[in-house]
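There are 2 protein chains.
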Amino acid sequence: MKNYLKHDAWNIIEEGFHRKHNQISESIFSLGNGRMGQRANFEEYFSGETLQGNYVAGIYYPDKTRVGWWKIGYPEYFAKVLNAANWNGIYIEFDGEVFDLNKCEVNDFYRVLNMKEGYLERRFEATLVSGKIVKVVAQRFCSIVDDQVGAIRYSFTPVNFSGPVNINLFVDADVVNEDSNYDEKFWIDVATDTENDQAYVIAETKKTAFQVATGMRFGVTADGEAVDYKVTHVKREKYAACVIDFDCEEGKEVVIDKIAANLSSMNYEKDALMENCQKVVNAAYEKGFVTMKQEQAAAWASKWEESDIKIDGDVSAQQGIRFNIFQMYQTYTGEDERLNIGPKGFTGEKYGGSTYWDTEAYCFPFYMATADQKVARNLLVYRYKHLDRAIENAGKLGFKDGAALYPMVTMNGEECHNEWEITFEEIHRNGAIAYAIYDYIEYTGDKMYLAEYGLEVLIGIARFWNQRVHFSSRKGKYVMHGVTGPNEYENNVNNNFYTNYIAAWCLKYAMEAIEFVKREAPDRWTAIEDKVKFYENTETGEWKKVVDNIYLPYDEEMKVFKQADGFFDKEWEKTVDDLKPEDRPINQNWSWDRILRSVYIKQADVLQGMYFFEDHFDEDTLRRNFNFYEPRTVHESSLSPCIHVVLAAKLGKLDKAYEMYLRTARLDLDDYNNDTEDGCHITSMAGTWLAVVKGFGGMRIKDGQLVFNTMLPEQWEGYSFKIRFRGSIVEVKVNKEGTTLVNHSDEALKVQLNGKEIDL
Amino acid sequence: MKNYLKHDAWNIIEEGFHRKHNQISESIFSLGNGRMGQRANFEEYFSGETLQGNYVAGIYYPDKTRVGWWKIGYPEYFAKVLNAANWNGIYIEFDGEVFDLNKCEVNDFYRVLNMKEGYLERRFEATLVSGKIVKVVAQRFCSIVDDQVGAIRYSFTPVNFSGPVNINLFVDADVVNEDSNYDEKFWIDVATDTENDQAYVIAETKKTAFQVATGMRFGVTADGEAVDYKVTHVKREKYAACVIDFDCEEGKEVVIDKIAANLSSMNYEKDALMENCQKVVNAAYEKGFVTMKQEQAAAWASKWEESDIKIDGDVSAQQGIRFNIFQMYQTYTGEDERLNIGPKGFTGEKYGGSTYWDTEAYCFPFYMATADQKVARNLLVYRYKHLDRAIENAGKLGFKDGAALYPMVTMNGEECHNEWEITFEEIHRNGAIAYAIYDYIEYTGDKMYLAEYGLEVLIGIARFWNQRVHFSSRKGKYVMHGVTGPNEYENNVNNNFYTNYIAAWCLKYAMEAIEFVKREAPDRWTAIEDKVKFYENTETGEWKKVVDNIYLPYDEEMKVFKQADGFFDKEWEKTVDDLKPEDRPINQNWSWDRILRSVYIKQADVLQGMYFFEDHFDEDTLRRNFNFYEPRTVHESSLSPCIHVVLAAKLGKLDKAYEMYLRTARLDLDDYNNDTEDGCHITSMAGTWLAVVKGFGGMRIKDGQLVFNTMLPEQWEGYSFKIRFRGSIVEVKVNKEGTTLVNHSDEALKVQLNGKEIDL
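These protein sequence lines are chains P and W, in that order. If you're matching positions, the first sequence starts at 1 in my numbering and goes up one per residue. If you're matching positions, the second sequence starts at 1001 in my numbering and goes up one per residue.
These aren't lab readings, by the way, just hints derived from the structure by calculation. Hints are not guaranteed to be accurate.
Unchecked claim - Here are the simulated DSS-like pairs of lysine-lysine, each with C-alpha atoms no more than 30 Å apart in a straight line:
#  : chain 1 : residue 1 : chain 2 : residue 2
1  : P       : K533      : W       : K1396
2  : P       : K545      : W       : K1477
3  : W       : K1103     : P       : K71
4  : W       : K1103     : P       : K477
5  : P       : K475      : W       : K1103
6  : W       : K1071     : P       : K580
7  : W       : K1477     : P       : K574
8  : P       : K207      : P       : K185
9  : W       : K1580     : P       : K475
10 : W       : K1477     : P       : K580
11 : W       : K1350     : W       : K1103
12 : P       : K2        : W       : K1235
13 : W       : K1736     : P       : K400
14 : P       : K185      : P       : K279
15 : W       : K1559     : P       : K64
16 : P       : K574      : W       : K1544
17 : W       : K1103     : P       : K562
18 : W       : K1574     : P       : K580
19 : W       : K1396     : P       : K574
20 : W       : K1475     : P       : K396
21 : P       : K574      : W       : K1350
22 : P       : K385      : P       : K559
23 : W       : K1559     : P       : K71
24 : P       : K580      : W       : K1396
25 : P       : K350      : W       : K1071
26 : W       : K1580     : P       : K544
27 : W       : K1475     : P       : K562
28 : W       : K1071     : P       : K185
29 : P       : K562      : W       : K1350
Claimed, not checked - Which residues of chain P face chain W? A partial, calculated answer using Cβ under 8 Å:
#  : residue
30 : D146
31 : N267
32 : K396
33 : G398
34 : E512
35 : W590
36 : R594
To be verified - Which chain P residues stay away from chain W? Per the calculated CB distances, all over 10 Å, these:
#  : residue
37 : T50
38 : E121
39 : G482
40 : N492
It should be emphasised that the depicted structure is a prediction, and the values quoted were computed from it without experimental measurement. For glycine and all other residues, C-beta sits at the position ideal for the given N, C-alpha and C.
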């Protein structure tokens, strides 16, 4: 746990240069716009610890896997997000001396991520080894107005010297991924170009043959006057630069604007990349840094207008929630149905930047409630487009007849993960993908999504579950062996309650969806029936048998669902209170077998089911299961606490809810898990939003109606949030006096607030 | 399955050059003497597919592991047997043309492994691209008389040409391991030396700093006359050679003797290595190839005298069993307690050449019954010397107070294996190590071994089991969660019958051993008690509770022990007969999850327990369990069939026993599993011996007495074997007339034969 950042409602602030936390800061101060993003690496050359990172959404490389022991069915390749061309480099030499903060004495260092307006700023005064003192102010952002563009204004003032300065403004695609499995570079050179104040590079990924053009144009003034510099152009493989020389004068501020763009072959013909990149760069340059920055601020203002959560009386909580919302929107904007949300977004390489079940289970409600309906819909369509691959994936594991198993980790629909207990067994992910379709329709009312895309996915998933269970003659029930539930601290168990439950639910929902499409879009049904070769009587007949006879493990003594067979043979009497401080976190202190056979739970598992299917259980059942499982949960996944906030709030356990809330809200800002240097936990950030809106706000959909059951943690003065719902925008304000609802749209709306129906 | 080798009682014969099977032949025709060994690589340069392999026992390298996902407690290094200096290379050029069988037309190729006399021979006629025809006869062996020495006689006759020949006689330590995790070379240069007809190289292993000196001396004659050659000496890093030039004459046979030696720093001071290597090489050279070969034949004759199994009426079975016995003795001779038996012996790199539980569970009885008592004892002492490491190893997994967990795979006592379900969970290996002590004492009567070494090991193991179980309040029994049994097709199960049973047995046996030592060697007990900090009342009190209350899963309906909890929730009604041919072997056709949740069993598991503890169960119980489990067993481990032979024979199922016998006897000769090219399955070869001696011969020890219950497969005319027992050598001859026992020693002996006591 770190505490070096200043608490502020709208800004993330580092005062003083925290050299040894630099990689953490590089993660936290990251920038992005859904299409491209970057870690907060310095513009200047830096010889200290740094993880250089620039990323372009959707551009990946299938790196050949290394595993300890190969198993049949493992994918050979692990798609990973690529470290792409560096476009923010401005390397400076004063009279031949490299300007490198690692070699300077740094004073008055101030770094701020301005979340309200969407830019990063850095100010400091540095004393070089030679004694030269330089003052710097640097601002930059990834534009959300034109998501191909990034802009930098870098200004420096020689405080105590005049003399020659050499500035290298480059674009460099000759970069590596730190996590490359075979220390290989993933980019090959296609073209470079320089002229006057511009430099361009086009590089292509090996194997996947994506091309990305990265270009920049710069301008320099000194005290507002044009500078008469000498420019040298440097081109080499995957690298292009304009290197300028001039004399700077003591006290005269030099201002460098560097406007850059990334264009990829996902959106342009390869032949046209260079030309378009030049067009985009020049258009942005003409518009100018100041205008672009104003537009950026306006665009962020309108995003905040819709998605902000205000918390009164607790500035650290306020900062935490805004940071999370800010990062969510930096990562994914929903403009492009080919994209998704990587666990680290654009803040690092870890986890390959690929898609996990996190998207559906945690991120989906956030985008659904705060953005245009098409954003959430695009997340669903993403999986629809991967359906064939999911069927292939299931085929590799021996399933047939159109059964679909969505991958645990993917970039293009193919499975990337290679641990048998996860890849082959953590199959509940299939359930979350079906659930998101249900959730979307509940929320938006867009039932025709089923006919268009949803049903095919649901049928593929249902077929998988139907083949994955088998009938146990001894139990007289359908059972499911060899699974890993959401709690990854049990592997290869039989009859994980959550997985069995969601499997049966998927089968049931698929049958309902078939009936709906048959009735409401019969032609479409005929087309789907034909396409997926649906065998009505036999298939739904089998599904129904499974639904009616699924085994749900239950403990008669404690009257709770069993997490899995054998759970009550563990030392289940123990709780987290029996752990010694030096045991925690157990995943950093215990060997895996010890974790597996312990009673301790990584993240909501039975309770994940209670969360998704709250209405299927009476409150006593929810309470008994919560009271049993929560005290045995170590919350060592960042995805755990939020689910517990929602359930605790539902059960009126406000203190517990708030305690859980604190564990998630500032995870990265305080580097709670000691791993923020690898990047931020983007997907779990959505959990904070869930915690406030579904937890304290008690937001639900019931019978097509918005429902709120609000409560206010006593540590707060109040909070408010807005959500979109079927064309309306509803603001919920909660404070010590009570709850106010405001309808910001023209349409009338009935909602339920704390048990009463209200017209808005 | 291949069938390209000729069936012969005493020889392995390849007629005709099977180019595409060359790597398989390299494995099968391997040579060794317990101290060093090598694959049957050609002396000449060979540009075709080949796995070059020369190995020196005990010389290993801790290669840094690569795993997919790291878990706490994993070892960082995987010790692997090193590919060491090549000493058999004799590279030849005729008039500048490289002599390379891969580029020649090869006629009359004949390769024989003469097992009776312990040498390898190759004869052929090769036509080079130039049209030159060369006849070759090459013989070589690793001496079992001086286990530091290897000898080659390589002779060639130019059939249709005369002219210049260039011969490179080298020793080359600049070699790689094919399985190097980071493509690194493991040897560094120490010294090279050449003079006249000799070349020497000393290389040192990285990290482990073993040094090995490899040297050679050669002689050349043509038609029996000394050859007047010109010699050039070549020395470079890790390489030394004598390169000779002379003219060969059509029809005149050139005979090259190359006598080599490997000496290691395990046995010599590093400073003295070169000098001693020269001494050993020269002494052997002086003795000469012919004398050495005669001594080799005599030494093998006396090994065969003691350990041969004769099978009449089935030459392929005869060849199979002799090949297995031959390879066992090539791999391990029991001379050095620091050595053990790698799964591939000196025939390949796979499995790192380290020690597995195979040694105790499969190989141990072979050496105990066919070699001097000290050989088996040395195998036990090997584990005693690793006890501290086993305690360390258990410590890494959170066990304490002297609990010992022996590694799954090791070279020096440290764990090498990195798969959580094996490393942390396949802990039954601890049981086999305790069982071997018991077995040794039963067989030899050497009870004082307990006082000297055995008891400390037993206490460490007992402490581990005592900590590894926990009390289940629901079952009212001690249970053991998260284990992998011998059947590796179930992972991370609870209450594996075999593991629970052997754990309880270990606790009981440790208590008996304590009582024995206390009574018979009270001083030694005091010393041990002090050393291991034994807390009598609390420790044995706890152990007793576990022994009395261990949970042994049992199925009331089928009246068999359950392999593990949940087994009867599988589709247990299925048997191997329900598998389609294209499913088999399932480990090459099914994804891992499918294998895990299937009913199919890789190798004896419940039945492994019945095999070890036959006397603990009545025959009905043995029969029910055999009848239930064998039909569900796919025998995809080479260690599986032998156990089933022994049990089937015990139960009078001679046909089943013979069917199982066939699956193991010629595993490598027929390349049954399509993997002999990686090396031979050395440890499972002991299984064939078990199958004959304990299976068909029904050999047991009861109350300190040898017992035989013999039977004869109808496919055989008869068989015979000899075993050593407490100073006697007993020969058992079985044929259609009956069984004859012969006592080859001077001591009188009472044995039981087919239910009757006999005086020998």
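Quick one, is the W590 (chain P) hint okay against chain W at 8 Å, beta carbons? holds, 6 Å
Hey, K1071 (chain W) versus K185 (chain P), does the alpha-carbon distance stay inside 30 Å? holds, 28 Å
With a cut-off of 30 Å on the C-alpha distance, tell me whether K1580 (chain W) and K544 (chain P) pass. holds, 29 Å
Satisfaction of hint between K279 (chain P) and K185 (chain P), Cα-Cα up to 30 Å: holds, 29 Å
Under the criterion of a CB-CB separation shorter than 8 Å, is R594 (chain P) in contact with chain W as hinted? holds, 5 Å
Mind checking the alpha carbons of K1477 (chain W) and K574 (chain P) for me, to see if they're no more than 30 Å apart? Holds, at about 17 Å.
If you draw a straight line from the CA of K580 (chain P) to the CA of K1396 (chain W), is it 30 Å or shorter? This hinted pair holds, its Cα atoms lying about 18 Å apart.
For the pair supplied as a hint, K1071 (chain W) and K580 (chain P), confirm whether the alpha-carbon distance does not exceed 30 Å. holds, 21 Å
Is the straight-line distance between the alpha-carbon of K475 (chain P) and that of K1103 (chain W) 30 Å or less? Not OK: K475 (chain P) and K1103 (chain W) at ~66 Å, beyond 30 Å, violated.
Measure nothing beyond the straight line between the CA atoms of K1477 (chain W) and K580 (chain P); if it is 30 Å or shorter, mark the hint as holding. With a Cα-Cα distance of about 26 Å, the restraint between K1477 (chain W) and K580 (chain P) holds, given a limit of 30 Å.
Given a cut of 8 Å on the nearest C-beta pair, is the interface hint for E512 (chain P) held or broken against chain W? Violated, about 29 Å.
Need the status of pair K1103 (chain W), K71 (chain P): alpha-carbon distance at most 30 Å? violated, 38 Å
Violated hints, listed in ascending order, are 1, 2, 3, 4, 5, 12, 13, 15, 17, 18, 20, 21, 22, 23, 29, 30, 31, 34, 39 and 40; each of the other numbered hints is respected by the structure.
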